[in-house]
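Enquirer: Chain U: place on chain C using the hints.
Number of protein chains: 2
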Amino acid sequence: MTSTTHTSAVFTLETMDVPGGTETILRGGRHLLPLLPQAFAGVRRIGVIGWGPQGRAQARNLRDSLAGTDIRVSVGLRPGSASAADARAHGFTEEDGTLGDWLAVTADSDLVILLIADAALAAHHEEIFAALRPGATIGLSHGFLLGHLRATGGEFPPGQGVIAVCPKGMGDSVRRLYEQGAEINGAGINSSYAVHADPDGKATDRALGWSVALGSPYTFRTTLESEYRSDIVGERAILLGAVHGIVESLYTRYRLSGDDPVTAYERSCENVTGPIARTISHAGLRAVREELDPAGREVFDRAYSATYGPAREIVAEIYDEVADGTELRSVVLAERRLGAREMSGIGGSPMWAAGAEVRARRAERALPVEPFTAGVFVATMTAQVDEFAERGHPWSEIVNESVIEAVDSLLPYMHARDVAYMVDNCSRTARLGTRRWGPRFQAAYEQIAYPASELPPNEALLAAFDTHPLHEALAAAAKLRPSVDISVV
Amino acid sequence: MTSTTHTSAVFTLETMDVPGGTETILRGGRHLLPLLPQAFAGVRRIGVIGWGPQGRAQARNLRDSLAGTDIRVSVGLRPGSASAADARAHGFTEEDGTLGDWLAVTADSDLVILLIADAALAAHHEEIFAALRPGATIGLSHGFLLGHLRATGGEFPPGQGVIAVCPKGMGDSVRRLYEQGAEINGAGINSSYAVHADPDGKATDRALGWSVALGSPYTFRTTLESEYRSDIVGERAILLGAVHGIVESLYTRYRLSGDDPVTAYERSCENVTGPIARTISHAGLRAVREELDPAGREVFDRAYSATYGPAREIVAEIYDEVADGTELRSVVLAERRLGAREMSGIGGSPMWAAGAEVRARRAERALPVEPFTAGVFVATMTAQVDEFAERGHPWSEIVNESVIEAVDSLLPYMHARDVAYMVDNCSRTARLGTRRWGPRFQAAYEQIAYPASELPPNEALLAAFDTHPLHEALAAAAKLRPSVDISVV
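Protein chains in written order, with the working numbering: chain C, 1 to 489; chain U, 1001 to 1489.
The following block holds chain C by itself, in its conformation from the complex (with noise of 0.2 Å):
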């Protein structure tokens, strides 16, 4: 559905094997720096509107990687925004002309970048797109207004420039491995981008340079379409939704086999959080498999055999109201209906409080990999695998929202903290989509799945996930970006 095939008069491209055929991306690091100007020709000013996790991350990095040239980085707020004070500690500040009124710096702006909240994004996209300069580029991190216009009737100011910069990962992530960066080059988070709109034939380089200057390891394009469905698709499913769904119908199945909450815990989201999305990053997907002694493997195989359809119906369930539309109406729906109230939140199941003991007890053992729950995890990875590539999403786009993300930024921050609080703590959107579907997860694995699990192995099955293209697709977008353990406070 995408062509990836794309040309750069700035940047010299490569052609990356993926299965079936190559992919065009743009290998980042430091030393591409020094062409920023160039990218960015005819841009002066660059503002950052908001300053949630991606506009912290996305400003500092941006002005970070133009320092010592004349293109100025500004931070646009809403009036009487509580992140004034914690823009102005990281330099953006009224006096240096760095921060301002959103619409103020958006008038002032060559390229607009806007980072705030969805639900803000679909209430003020209007009046920021009327203090646009005629010229100025708009510029996205992801889909959602794209398909906010859709459901609505809106449309993009015509004549101005749409291009997106979408990393594959948190912003806390963007800025760290950012800063990992600076030691190790290539160190960062990937990142796709596509271009909606051109009017002055500069997008396509204006896009590859925001990724450059944002530290991405690699860039692969697609489409705002492309990356709005994966995007929330993905969200819903293997990058939170799904995750939320296995670890808690886990650890109640390891507690009603007997299990204390503390090894319950451990062998259900410790064990995901841990030592299985550690192999994946180091070694890939296969490698959990093949990592486990023989008898750990004819369990992992009945889970991943028991696991895999049950995953694949609820990915293209959530695939289908995404496309269609039906899943943002829910959230503007969900929006209406809350108002100003809090969302509940999910943090208080019992499973939470055993978190801080598993996590005090990690100096003094390496956790092994627990077969059933690899199986479980890794047959829901391959699922949202195959659904994407069923539906026409390009390679890099694939394995870097199913994959890469979930083991390089989510996974382990999840480890960090614990995945209740991610969920609790992401975007409105990401929080309303996993409350929908993380407990379809839940409910599917607990009633299909597990009991199925009984039953031997799917062998055919089991040959298609030893010989899926997505594990040569995995190295070639591995051999692309050093492998930096992200340090996760």
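Bear in mind the hints are in silico, worked out from the structure with no lab data behind them.
Heads up, the beta-carbon is just placed ideally off N, CA and C, and yes, glycines get one too.
One thing to keep in mind: the hints can contain errors.
Have a look at the derived ranges for each label pair, beta carbon to beta carbon [claimed, not checked]:
#  : chain 1 : residue 1 : chain 2 : residue 2 : range
1  : C       : ASP259    : U       : THR1263   : 20 to 26 Å
2  : U       : PRO1199   : C       : ALA130    : 48 to 54 Å
3  : C       : ASP324    : U       : GLU1127   : 25 to 31 Å
4  : C       : ARG337    : U       : GLY1020   : 23 to 29 Å
5  : U       : GLU1095   : C       : GLU459    : 50 to 56 Å
6  : C       : GLY20     : U       : ALA1123   : 34 to 40 Å
7  : U       : ARG1150   : C       : PRO34     : 57 to 63 Å
8  : U       : THR1263   : C       : THR263    : 21 to 27 Å
9  : C       : ARG337    : U       : PRO1199   : 36 to 42 Å
10 : C       : ALA89     : U       : ARG1150   : 50 to 56 Å
11 : C       : ASP17     : U       : SER1344   : 34 to 40 Å
12 : U       : GLY1348   : C       : ARG337    : 31 to 37 Å
13 : U       : ALA1123   : C       : PRO19     : 35 to 41 Å
Over the 12 Å line for every Cβ pair with chain C, so calculated as not near, a few chain U residues [as the list claims (entries may be wrong)]:
#  : residue
14 : ASP1017
15 : GLY1029
16 : SER1083
17 : GLY1135
18 : ARG1150
19 : GLY1154
20 : ALA1287
21 : ALA1464
Expert: The following block gives chain U in isolation, referenced to the frame of chain C:
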């Protein structure tokens, strides 16, 4: 939102006190059968299209009630329908012209009652509309088609009458209680009715006649829109979806507290479908609490207080999605995605394995009401009542769709089989809805309500329950109908 005042040229209506006013209703009974020819003036042939549970029940009740008149009831089936043999076994035959092709029966009838499955209705309503004779009346038993026409931009054919009579119970109950009504005049399932299009001014009497012929103890007025909303929300909430979520979550809770599977099943599923449903049916909702000892009441109060809020949130969410059309859109997407594939069942969950032993033990002793289970169930039911009241539904609709249909039709059926069997064997729209929303109740209760049940009860919430106008409305509705324990084999 719905005016419940109406008049009839044939039947003597009554006024029923409800909170905040009165509603005009028709009390049914066998003594009204002689009025049917007058109510059906101009109708010589009634075509019942479809032989699912409702078609099977309604065709037989209508035929029995109209025996001795010159109004003939025929059944119309799709070519090659597997139901033809069963229809013949119940006396509808090609030979006497009471069984035929659905389009032929449609073309030949003055009142065409559409009781085919939702998906078939969505796919074939245009053919059926085209086959209608001029002046014929379309009869519906729920508002699905209205929702579908809205979602797809379709319309009812202009010039044709459109009425609905909606029994507040399963097809099996509609037939079984009608049979019991031969002994006990007035036993039956209450129905709502709606007049959506009335070109000849006879719609109200036709609808009331249809309802009397089905054996409805009382018939109240609604609109197709209000019926549609309460029907689809109700089955996703207290009638099916919430029941499933409640018993799954409680079973796990009791198992984790040390119960063996049989005891956990008795305290959760068996308790809801047995003693709790029976108490509500015989003595109302407040009696569930009042019949507990003081220690039991304290447990009930904590469970009620902790559950009401999360329950209300989910019911409000379901309501928004149904009213907006989003929920029906999801059903359409699911039908398209599933195609001819069977929907996965939920009956494989470990808890159902305990059901047979529990049912075998029934004769040994009377199971007492489990206070915690009762608090959870009653809070969920009250939350639905409150949400419907806030959205402006008539009280008759509220109590029938939230309480009476549950305790007098669905729960007794679940008691005879089990909840999973019921869910896996109801309409596809209901099954899809249960799969979507049951897990939401389960997860919210496990993660939010049950942990909060350790806290002291919320006295304001309990006072509101104690003085709830619902109790009065339920008592008024109960007076209109003899108390009959439905026999379910």
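Enquirer: Please check whether U:GLU1095 and C:GLU459 have a Cβ separation lying inside 50 to 56 Å.
Expert: holds, 55 Å
Enquirer: Against chain C, does U:ALA1464 hold up as non-interface, every C-beta pair farther apart than 12 Å?
Expert: holds, 19 Å
Enquirer: Hey, is U:GLY1029 genuinely clear of chain C, shortest beta carbon separation above 12 Å?
Expert: At roughly 43 Å from the nearest Cβ of chain C, U:GLY1029 sits farther out than 12 Å, so the non-interface label holds.
Enquirer: Is 50 to 56 Å a correct range for the gap between the Cβ atoms of C:ALA89 and U:ARG1150?
Expert: holds, 52 Å
Enquirer: Is it the case that U:ARG1150 keeps its Cβ farther than 12 Å from each residue Cβ in chain C?
Expert: holds, 14 Å
Enquirer: Checking a non-interface call: every C-beta of chain C should be farther than 12 Å from the C-beta of U:GLY1154. Is that right?
Expert: With a cut-off of 12 Å, U:GLY1154 remains clear of chain C, as the shortest Cβ separation is near 18 Å.
Enquirer: Honestly, do C:ARG337 and U:PRO1199 meet the 36 to 42 Å range at C-beta?
Expert: For U:PRO1199 against C:ARG337, whose Cβ atoms are near 39 Å apart, the range 36 to 42 Å holds.
Enquirer: Confirm or reject: U:ALA1287 is not an interface residue toward chain C, with every Cβ-Cβ distance exceeding 12 Å.
Expert: holds, 31 Å
Enquirer: So is U:GLY1135 really clear of chain C, every C-beta pair being over 12 Å apart?
Expert: holds, 39 Å
Enquirer: Does the Cβ-Cβ separation between C:ASP259 and U:THR1263 fall within 20 to 26 Å?
Expert: holds, 21 Å
Enquirer: Is it correct that the beta-carbon of U:SER1083 has no partner in chain C closer than or equal to 12 Å?
Expert: holds, 29 Å
Enquirer: Is it true that U:THR1263 and C:THR263 lie within 21 to 27 Å of each other by Cβ?
Expert: Holds - the Cβ-Cβ distance for U:THR1263 and C:THR263, about 25 Å, lies within 21 to 27 Å.
In terms of the numbered hints stated before, the structure departs from none.
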